[in-house]
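Asks: The listed protein sequences derive, respectively, from chains A and B. Counting from 4, one number per residue, gives the positions in the first sequence under the working numbering. Counting from 161, one number per residue, gives the positions in the second sequence under the working numbering.
Among these hints, one or two may not hold up.
What the hints assert, rightly or not - Ranges between beta-carbon positions, derived for each pair:
hint : chain 1 : residue 1 : chain 2 : residue 2 : range
1    : A       : L34       : B       : H365      : 50 to 56 Å
2    : A       : R7        : B       : R293      : 31 to 37 Å
3    : B       : H437      : A       : R7        : 41 to 47 Å
4    : B       : E231      : A       : G67       : 25 to 31 Å
5    : A       : A10       : B       : A207      : 18 to 24 Å
6    : B       : A186      : A       : G36       : 40 to 46 Å
Said to hold, decoys possible - Output of the computed footprint for chain A on chain B, the stretches with three or more beta carbons under 8 Å from beta carbons of chain A:
hint : region
7    : 196 to 207
8    : 245 to 255
Bear in mind the hints are in silico, worked out from the structure with no lab data behind them. For glycine and all other residues, C-beta sits at the position ideal for the given N, C-alpha and C.
Here's the letter readout for the chains.
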Amino acid sequence: MEQRIIASEFAEVAVSLDTDANGPRLRIEDLRGGRVRHLDALELESVVWLPEERLRELLDPSAGRWSDRPGDE
Amino acid sequence: MTVRYSELIQPERVHGSLYTDPGVFAEELERIWYRTWVCVGHVSEVARPGDYVRKAVGTQDVIMTRSADGEVSLLLNRCAHRGNLVCEDARGNSSSFRCPYHGWTYRNTGELLGYPYNQGYGGKGKLSLGLGRVPRVDTYQGFVFASFAADGPSLKEHLGAAAGELDRLARLSPEGEIELTAGWLKHRAKANWKLLVENETDGYHPQFVHGSVFSVTGSHIGSLYSDKSTAVTRDLGGGHSENDLRPEFRRMGTPMAWFGTSEAKVPEYVRKMRELHGEQAEEILIEGAPHVMVFPNLFVAEISVFMIQPVAVDETVQHVTAVQLKGAPDMNRRLLSQCVGSVGPAGMLLADDSEMYERNQRGMAARMPEWLDIRRGVGRERVDENGFRVGTANDETGMRGFWSHYRSLMEREDAQ
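Starting from the given sequences, assemble the full structure and let the hints guide the process.
Replies: Structure, rendered in structure tokens:
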């Protein structure tokens, strides 16, 4: 499993092609936070087609990781 | 205390305090560096969406970015929350910037995208804040210029005749574009920024300061600035000046002699240029690149580009990179090696100059004589066919032009 690091001063993630499941997935690991997420082909395709505005919303720190609304992580 | 610039700047001499007085430096920041057009970088440094580089305008820390729609922005590197530096790296690629202090996150256009735990602010999008943006940004031949003044002369007006010199640089590329992609060297000098600017088109010093280099390398550059030279120093107006070496290169009449080489060494480049320009290629290949100081901080020295950054009254950083001609890989290799040889860490030209800048600053600590002399050649100047003042290759015509413009900016009554 060849791992590549994509890093900037703002974030560091390791990406690799995971073949352990029945189909291939992209494995993304947040090297600063330790969390891992797998994205399958359909999810990745959806990211490619995500409207710019929706992607931008994901970058809002309160959109997920640093939310103070009940139920959010 | 009010500085009376009209007394300190005279036609044939300038007062030493202009280089040593911290009060003058503080006023220069406001009246020159945060008002007139200042060169920040080149669009080729942020070629792709998300690219960013850290730059400076005067002592201001600025981020030059390329957004998704291709627009180049100049953002102030200061979080709108608590004033922290948002970007730390010299360069990178990121569509958004996240302040490391509290996580406030900005688009690379400066727009605030969000902040953590937003209920403390009443929810999402409740703050009309963002990164500061330099009010006016414009480009010429890919060079990016900034002006902190919301109104004032356009970049084209500011550049005036100096624009033609940047055109002359760009036309040396077979694709009509230069690129500044070779990376930057930073030379820190304990000297006032104006000493560097004045030195750039001072044709009087090369035979002394660079004499040893010329003798070792057998370079013809020294003779271009001798009293027998037909080259001229030209006051281009607006504080810009040049050493126009074309008369000497035309006299030689040899393509690529300006570059100290022959066409046999760069056959592919010469072929492309002849194919593109036809008969006019000879003129372009003979006349070569400009040697021009664009007020207040962009210096094109044929093969190298310098950006002068004032840090303090007695400290300046000179950023240097090699000119790269788009579509000319064979030339670019030579341009890079020549640039490194002349202004690199072990380069032979800028090391000499830096020594002079610093000795100059130390010398001016002496109380007498109080003035610096800038009269050389004043009695033999002429006005050329375009109305510009011209001196010989080693006259101080460029310096006088610089000081005349400097004075007009520093004396303005509406100065902040």
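Asks: The structure should be examined with respect to each hint, and the outcome stated for every one.
Replies: Against the structure, the hints come out as follows:
The given range of 50 to 56 Å is respected by L34 (chain A) and H365 (chain B), whose C-beta atoms sit roughly 53 Å from each other. Distance hint check: the CB atoms of R7 (chain A) and R293 (chain B) are about 34 Å apart, consistent with the given range 31 to 37 Å. For the pair H437 (chain B) and R7 (chain A), the beta carbons lie near 45 Å from each other, so the given range of 41 to 47 Å is met. Remark: the range hint 25 to 31 Å for E231 (chain B) to G67 (chain A) is upheld by a beta-carbon distance near 29 Å.
For A10 (chain A) paired with A207 (chain B), a C-beta distance near 20 Å keeps the hint of 18 to 24 Å intact. Restraint check, A186 (chain B) to G36 (chain A): a C-beta distance of roughly 45 Å satisfies the suggested window 40 to 46 Å. Coverage of a stretch by a chain is defined here by at least three residues with a beta carbon nearer than 8 Å to that chain's beta carbons; for the region 196 to 207 of chain B and chain A the count is 0, and the condition is violated. Counting residues of the region 245 to 255 of chain B whose C-beta lies closer than 8 Å to any C-beta of chain A gives 7; at least three are required, and the coverage claim holds.
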